[in-house]
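As numbered in the working numbering, residues 1 to 259 make up the sequence shown, in order.
One or more of the hints may lead you astray.
Stated by the list, open to error - Listed next, with one range per pair, are the computed distances between beta-carbon atoms:
id, residue 1, residue 2, range
1, I192, Q168, 43 to 49 Å
2, V225, W248, 28 to 34 Å
3, A123, G99, 34 to 40 Å
4, Q168, E91, 30 to 36 Å
5, G181, Q140, 44 to 50 Å
6, E87, Q229, 47 to 53 Å
7, D68, E227, 46 to 52 Å
8, E87, W248, 17 to 23 Å
9, Q132, G181, 29 to 35 Å
10, A186, G136, 45 to 51 Å
Derived from the structure by calculation, the hints contain no laboratory data. These numbers come from a predicted model, not from an experiment. We treat Cβ as the ideally placed atom computed from N, Cα and C, and that holds for glycine.
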Amino acid sequence: MFSPNPLAPSITTPARRHKPLAWLGALVLTGLLAGCEQPPPPADVVRVVRTMQVSDQSGRNQMELAADVRARTEIQLAFRVGGKLIERDAEVGQVVEPGQVLARLDPNDLRSAVAAADAQVQAAAVQRRQAQADLGRFEQLRSQGFISDAEMERHQAAFDGADAQYRQAMAQKQVQANQAGYAQLAADTEGIVVSVEAEVGAVLAAGRPVVRLARNGERDVVFVVPEDQRDWVLALRDKQTPLPVALWGSERALSALDS
């Protein structure tokens, strides 16, 4: 049997020799890890503050814009006939009344046309009287049996034609008389002259504007709004908010409703 030698040196394995050191290293590592943990956050501090409502006092919600006051209705006055302008009594800013004469054309040509129309009326009247006299004589001859019915109808047609020419000449004379009256341009309503379109001496065609007249009544205030204030102005319109209007050189304040 084998028996261990008591005089032989004992052999200790490396694991058994360093075991206490391993436990010591584990404890040191645990301590280091515990020292690296973040500290807990501090509790929130409740602060007492005072609040107030901020309003815009810089005046950005107020604008002053230059505007033009215009009449809602403007009309252009013109002659119904052509001719040479010899007189104009209208000036810009003038207040006119209904029926007031504002301009005149040279009436000589129109008077000549009226005279020519009157001469045509006289000539047509002579022909009509002659045809009527002939018709009366032929009616007597027809009653005595000297002419036929066809001949009588022919003389009746001649009289009807002469009568139609006479009535046409009378109508033409009336037209020329009316045109002679159109040589004067008169205002048909009360208003203010805002512009003149022709000067004395000009030869005008029928219908060419001579005076532009603004009728009395409602007025429009026209102004341009900056792009960055467009929404603000639209909001005022939606709320039907009256807008203050001050006339230049006057302390009178007016109120206009945006539309």
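Against the earlier hints, flag every one the structure doesn't satisfy and list their numbers going up.
-> Hints 2, 4, 7, 8 not satisfied by this model.
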